[in-house]
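Please take these sequences and the hints and turn them into a complete structure.
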Amino acid sequence: MSIIVDNISYTYEIGTGFEKQALKNVKCVINDGDFIGLIGHTGSGKSTFIQHLNGLVKATSGTIYFNGMDIYDKDFDMKMLRSKVGLVFQYPEHQLFETDIFKDVCFGPKNLGLPKMEVELRAFEALRLVGLDENLYYQSPFDLSGGQKRRVAIAGVLAMRPDVLILDEPTAGLDPKGRDEILDSIKDLKEKTGITVILVSHSMEDVAKYVNRIMVMNDGVLMYDDTPKHIFAGYRELEQIGLAAPQVTYIMNDLKNAGFAVDVNAITVEEARQSILKNLQGIHGKA
Amino acid sequence: MLRDITIGQYYQTDSVIHRLDPRVKLMGTLIFIITLFLGKSVWLYLGVTVFLAAVIKLSKVPVKFIVKGLKAVVILILFSVIFNLFLTEGTPVFHIWKLTVTKEGIYLAAFMMVRLIFLIMGSSLMTLTTTPTHLTDGLEKGLGFLKVFHVPVHEIAMMMSIALRFIPILIEETDKIMKAQMARGADFESGNLMKRAKAMIPILVPLFISAFRRANELAMAMEARCYHGSEGRTKMKPLRYGKNDKIAYLVLAGYLIVMIGINTALGGRVI
Numbered sequence: 001m002s003i004i005v006d007n008i009s010y011t012y013e014i015g016t017g018f019e020k021q022a023l024k025n026v027k028c029v030i031n032d033g034d035f036i037g038l039i040g041h042t043g044s045g046k047s048t049f050i051q052h053l054n055g056l057v058k059a060t061s062g063t064i065y066f067n068g069m070d071i072y073d074k075d076f077d078m079k080m081l082r083s084k085v086g087l088v089f090q091y092p093e094h095q096l097f098e099t100d101i102f103k104d105v106c107f108g109p110k111n112l113g114l115p116k117m118e119v120e121l122r123a124f125e126a127l128r129l130v131g132l133d134e135n136l137y138y139q140s141p142f143d144l145s146g147g148q149k150r151r152v153a154i155a156g157v158l159a160m161r162p163d164v165l166i167l168d169e170p171t172a173g174l175d176p177k178g179r180d181e182i183l184d185s186i187k188d189l190k191e192k193t194g195i196t197v198i199l200v201s202h203s204m205e206d207v208a209k210y211v212n213r214i215m216v217m218n219d220g221v222l223m224y225d226d227t228p229k230h231i232f233a234g235y236r237e238l239e240q241i242g243l244a245a246p247q248v249t250y251i252m253n254d255l256k257n258a259g260f261a262v263d264v265n266a267i268t269v270e271e272a273r274q275s276i277l278k279n280l281q282g283i284h285g286k287a
Numbered sequence: 001m002l003r004d005i006t007i008g009q010y011y012q013t014d015s016v017i018h019r020l021d022p023r024v025k026l027m028g029t030l031i032f033i034i035t036l037f038l039g040k041s042v043w044l045y046l047g048v049t050v051f052l053a054a055v056i057k058l059s060k061v062p063v064k065f066i067v068k069g070l071k072a073v074v075i076l077i078l079f080s081v082i083f084n085l086f087l088t089e090g091t092p093v094f095h096i097w098k099l100t101v102t103k104e105g106i107y108l109a110a111f112m113m114v115r116l117i118f119l120i121m122g123s124s125l126m127t128l129t130t131t132p133t134h135l136t137d138g139l140e141k142g143l144g145f146l147k148v149f150h151v152p153v154h155e156i157a158m159m160m161s162i163a164l165r166f167i168p169i170l171i172e173e174t175d176k177i178m179k180a181q182m183a184r185g186a187d188f189e190s191g192n193l194m195k196r197a198k199a200m201i202p203i204l205v206p207l208f209i210s211a212f213r214r215a216n217e218l219a220m221a222m223e224a225r226c227y228h229g230s231e232g233r234t235k236m237k238p239l240r241y242g243k244n245d246k247i248a249y250l251v252l253a254g255y256l257i258v259m260i261g262i263n264t265a266l267g268g269r270v271i
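Residue numbers (UniProt numbering), protein chains in the order written: chain A, 1 to 287; chain B, 1 to 271.
One thing to keep in mind: the hints can contain errors.
Ranges between beta-carbon positions, derived for each pair [unchecked claim]:
1) P176(A) to R165(B): 47 to 57 Å
2) A211(B) to H41(A): 24 to 34 Å
3) R165(B) to H41(A): 23 to 33 Å
4) D188(A) to F208(B): 32 to 42 Å
5) S80(B) to N135(A): 50 to 60 Å
6) V73(B) to E13(A): 13 to 23 Å
7) D73(A) to A221(B): 46 to 56 Å
8) D175(A) to E223(B): 18 to 28 Å
Don't read these hints as lab results, they were simulated from the structure. Heads up, the beta-carbon is just placed ideally off N, CA and C, and yes, glycines get one too.
Structure follows, in structure tokens:
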């Protein structure tokens, strides 16, 4: 079970004079169970890229293989692909339309042509996975808070039981608390179900804590594809393309330059704390 | 699909037509439409074609771009052509199955097609060469005399400019919502009419909600900047006629007189 992206390019509005190449020869393999952070600043092509993965946008050249099948084959079942590769758009709460939350979450599985029992079962399961209070299930989605609406929208995609879940800037426009809640519940979800998750963001800080692999896009090109530790080690290069490593990386590097033997590869605040404490204890021990 | 609609779009370039006063272009479009419906004669349409071709050439807008706007109305044009072709009485030319095609029908269908195509090309040429702000400025000033009759010209112009401004935004929004629902397995392309109409609900509801939300935000932003209608409001760049505008008015007047001349000289003959 994997997605192989084979050298895809994509150009917007061919032949109108407004042509713009959004993707340039992107190659990568998305393995089963990966937790990927896709990073790039605005206009780097990350949103265009993820829309290729479930066939919403067709590459100008190159192809994508889903479990060994070419998705541009004319016999390929696009509906199956869209149910297996769940895509949660930016501000997904803007797609809610039903009179109550439960019905809205049923929309996805209903489109798959499943029997009513199965549809409702999946909807319940999805709503429970995103941690929405059960009292809210039969309320209008428009009465909810921003963070809650977003959970409902994510549940709407999860209800199709995808193997791969792609979230485009799931924390955009949320306050720090809402952001942590959403990211934590995505992490929980990943641990409970083991699905592949791709988290799209322009902030290293957000994803560093969660993912095991980071892809960096710049100007339509996939520049780096590595583990967070390796990516952040080259934070000087990241700065050149307008991105930054997490703040702890800077602190740890500064400490090291100031003569403390700390681990510069610490990614989260917690790891940094451990490393600094260990170092300080070492100093005290000697003294 | 939705991006094919070029009506209301602006094509950025620098040309004589782009620089004309919007009032001239509005008047020009009006005159163009009048001449288009003046009569039914091949010579008349030849004149209209020459005029349109010259303006397109001057405007530096690629013809491909203007023609693309026709895609959206192909069905409408086909309908009117087919109905005119088969349902006009007159001298029969030939029969297909139970339908009779008449000489008058062929002429009428051809004229109808040309009229519709030119109508869309002409009016989209105006929006392609005029920014929405310019266009509404032109309307506001051009129709300013209606203020005497207590017509809220400024308010209407403001509404129009907002509406025009929001067309591309709403198109983009529709595109986004469609994609989001397609990602949830929605299918807009198969099934019977009833099913397809029903499939529109998941697009229309979020679209309306977002339109209302945007309207609300815009109203708030305008009020925050003390907008209170036309009373005492001045323009940063007031419209003033230049030399080119006067020449353009003369050309338009000449064109109209020539076309009326041709039409009366022909006296209702087709060729």
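Look at the Cβ atoms of D73(A) and A221(B) and judge whether their distance stays inside 46 to 56 Å.
With a Cβ separation near 49 Å, D73(A) and A221(B) satisfy 46 to 56 Å, so the hint holds.
Determine whether the Cβ-Cβ distance between A211(B) and H41(A) falls within the hinted range of 24 to 34 Å.
29 Å, holds
How does the Cβ-Cβ distance of V73(B) and E13(A) compare with 13 to 23 Å: does it lie in that range?
21 Å, holds
Against the range 23 to 33 Å, how does the distance between the Cβ atoms of R165(B) and H41(A) compare: consistent or not?
Between R165(B) and H41(A), where Cβ atoms are some 27 Å apart, the hint holds.
Per the hint of 50 to 60 Å, is the separation of the Cβ atoms of S80(B) and N135(A) within bounds?
57 Å, holds
Cβ-Cβ distance between P176(A) and R165(B): within 47 to 57 Å?
34 Å, violated
Given the hint of 32 to 42 Å, is the C-beta distance from D188(A) to F208(B) inside that range or not?
35 Å, holds
Falls inside 18 to 28 Å, the C-beta gap from D175(A) to E223(B)?
At 26 Å between Cβs, range holds.
Going through the hint list in order, the structure does not satisfy hint 1, though it satisfies all others.
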